[in-house]
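**Student:** As a plain string of letters, each chain reads:
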Amino acid sequence: MRNRRLFLGMTVLLAMLLASGCARNRQMTQSEKDQLGTIEAKIAKAEKMDAKECAPVEYAYALAERDNAIHESTEPWNDPPKYVAKHFASANKAADDLLNKTTPCWEAKQVKAAPPPPKPVVVPPPPPMAAPAATILADPKYVYEGKCTTLTWSTQNATSAEIDQGIGSVGMSGTKEVCPKETMKYTITATNPGGPAKAAVEVPVYHRTTLYIQFAFDSEKIRKADEKELQTAIDFVKKYPETKIVVLGHTDSTGPDEYNKKLSQRRADAVKKYLVDSGHVKADMITAEGRGEAEPIADNKTKEGRAKNRRVEIAEHGK
Amino acid sequence: MKRPWLALCVIVLIVGLSAAGCSTANRIQAARSTMDQARAAGAVYKAPFEYKAAEAYLAQAVNQAENEGDNPAADAFAKEAQAYASKALEMSGGGAK
Chain A
1 MRNRRLFLGM TVLLAMLLAS GCARNRQMTQ SEKDQLGTIE AKIAKAEKMD AKECAPVEYA
61 YALAERDNAI HESTEPWNDP PKYVAKHFAS ANKAADDLLN KTTPCWEAKQ VKAAPPPPKP
121 VVVPPPPPMA APAATILADP KYVYEGKCTT LTWSTQNATS AEIDQGIGSV GMSGTKEVCP
181 KETMKYTITA TNPGGPAKAA VEVPVYHRTT LYIQFAFDSE KIRKADEKEL QTAIDFVKKY
241 PETKIVVLGH TDSTGPDEYN KKLSQRRADA VKKYLVDSGH VKADMITAEG RGEAEPIADN
301 KTKEGRAKNR RVEIAEHGK
Chain B
1001 MKRPWLALCV IVLIVGLSAA GCSTANRIQA ARSTMDQARA AGAVYKAPFE YKAAEAYLAQ
1061 AVNQAENEGD NPAADAFAKE AQAYASKALE MSGGGAK
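Here the protein sequences come in this chain order: A and B. Under my numbering, the residue at position 140 of the first sequence is numbered 140, and the numbers go up by one with no gaps. Under my numbering, the residue at position 59 of the second sequence is numbered 1059, and the numbers go up by one with no gaps.
Honestly, the hints are just simulated from the structure, not real lab data. Fair warning: this is a prediction, and the values are worked out from it, not measured in the lab. Cβ coordinates follow ideal geometry from the N, Cα and C atoms, glycine included. The reader is advised that the hints may include incorrect statements.
[Claimed, not checked] When the alpha-carbon atoms are kept at most 27 Å apart in a straight line, the in silico BS3-like pairs for lysine-lysine are as follows:
| id | chain 1 | residue 1 | chain 2 | residue 2 |
| --- | --- | --- | --- | --- |
| 1 | A | K33 | A | K48 |
| 2 | A | K45 | B | K1087 |
| 3 | B | K1046 | A | K52 |
[Said to hold, decoys possible] Per the computed footprint, the stretches of chain B lying under chain A, defined by three or more beta-carbons under 8 Å from a beta-carbon of chain A, are:
| id | stretch |
| --- | --- |
| 4 | 1055 to 1062 |
| 5 | 1070 to 1083 |
With the rest of the complex left out, here is chain B (with noise of 0.2 Å):
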């Protein structure tokens, strides 16, 4: 290894982008992962503008993230989406007990 920094660098940059895909990632995970319990609590009946709402920050957040490539948007519309859905779940009377 005759330029270790080098190679440093680009590790770090690598790792550091990659680092905030996934955390958009994660984030569209968590919304959509809080959107399905919301729906299996019956969200779409029960509170159905909250449930609407997440499904459409959450399209947002998709479409920044896929097809944009804007994940700062992305993170945006999937923290809505997120905050819908929990509302939605608390609304269905679901979530943690």
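For reference, chain A alone in the conformation it holds in the complex (with noise of 0.2 Å):
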């Protein structure tokens, strides 16, 4: 009898032993399973941030943390799940740390990584501009007084130009008629972003005066009657002492163009005498020159025109 006690006694504990064994894993719980899911996630994350290389400490106990609460949860005597949750507890905390340590060192990785920002894109400078240029001329050369010479004028590079003397703005090549009343310079600018460029011509303005001296017939020789018109021609030569001066004989156009051209240079010729004769002018300073009936001034057709036309003309410059 009693072996049977004991051999029952025995098949008991063999059975609790098999018991404890074979019994059945405790199932987690959904907050559980949420819980897990989360830590999971974090290791995830910090696994593609590469954690094993900028947390390997972390991330061994993560791991290491995560499989013990994973055990913890199914162990068939942890019940209630208060005991389960403190291992969630610390796995979520290793999780928290591995990321936390993960995170910073990714993020730097990633800038070292990154390709260095695109250097900016130089424009070249546009060539410098060449410089401007700019050509005036007159023509004529020079004009007497109240008579009128052409300004023409061109650029080169230029993208404004501008005449002085009250022409003002101009374009970059052009003609303009003007009439000075005393020698003028007349400067022109051309300007671009690269600076100016400046030219300039002067215009002489010569005076001038007509005498209308009453030679007689074929002949060159002054009379005493002309020589109150001659005194006109001392005051003249004694204003511009330091000019040269020319003599221009005119005559109508009566009788052959050579013959009244040869006249004309004689008669100039005298007055031009007179003048150097008179002490008031240097013969050096002072040349004749015959027009013939080359240069009227009024109309050869009436004997009041023709008398208009048969004169002398003393001009400074000798031209």
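Work from the hints to combine the two standalone chains into their complex.
**Tutor:** Printed below as a string of structure tokens:
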């Protein structure tokens, strides 16, 4: 009988041992599954950020803590869940530590690995604009008072052009008639971003006076009656002592042209001689020139007109 | 010996339980030994993750064995520790030549 009891006791003991080994694992609650999911996500995120390299210690502990939490949550005797909760809390903290250490490390790596920012596109500066250039000239180069000349200019590489003496802004090239009263210097300023360029032309304004001397027919002899008129010439040369003077002889259209030219030359020479003899002008400062009938100032068809055309002009510059 | 079968049962039970405990202890000891080799080979610097993982799992195994009395769990953790320690040793250039 005693043996039976002992046998029964041993059987129960053996059954208990077997029962403990074969006991069903505990099932995780939904909350524990959610917590585990969160922990797994953190670890996975850290793995993507090279956790093994950035935080090897934290990574190792996070894995071990996670596995321990899984183990503890499936132990048959670990109920109520309060006991399991501390293991999940520990695993969650380990996952947080891992993520906190991995994230800045990863970001720093990204900055290092990032390709250098593209160099700013350097737009080469436009080639420096060629310096502007300008030319200006006058035709005729000089004028007698009351007469006009034409300015002609051109520019290169200019964006604007301007001529002084009241003319103002002008085209990049062009012409303009000017009638200066006194000798005038015209300056054109051509401009572009590279700077200005200037060119100038001086237009001398010469003075002249006209003498109406009543020469005898086919004669160049100056008569006493003409001396008053010649005083005008003397006054003129005295007014411009430093200027070369030219005496221009003119005739009307009566007679052959060649003849008139020679006659006008003889008369101009006579006036020149008169002026030199008067002592008011040096011989090398005065010239004489016969223009014949070529430059009439009045109608040769009338008596009055022919009288006006028969004249001698005294002018500056010897031209 | 009036009840030889009873004595036999007790002995078998004791031996069986002891064997289970010894097995776990041996596994833990093996993992620890491999870790020592790995550390000596410079695994702390050459394979920091593997070494630390071995260390962490070994700690879990010891905890399960000594505090929880859960030999199967301790075995499982010790196996993990052994695997990581072996990897650390390998990465550190140590181990059998």
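**Student:** Each hint: holds or not?
**Tutor:** Now the hints, each set against the structure:
As the CA atoms of K33/A and K48/A are separated by approximately 22 Å, the hinted pair is consistent with the 27 Å bound. Proposed proximity of K45/A and K1087/B is supported: the alpha carbons are some 24 Å apart, at most 27 Å. Under the criterion of a C-alpha separation no larger than 27 Å, the hint pairing K1046/B with K52/A is consistent with the structure, at around 12 Å. With 5 residues having a beta carbon nearer than 8 Å to a beta carbon of chain A, the stretch 1055 to 1062 of chain B meets the requirement of three or more and the stated coverage holds.
Restraint check on the stretch 1070 to 1083 of chain B versus chain A: 5 residues with Cβ-Cβ distances below 8 Å, three needed, restraint holds.
Against the hints set out earlier in the document, no violation occurs for any number.
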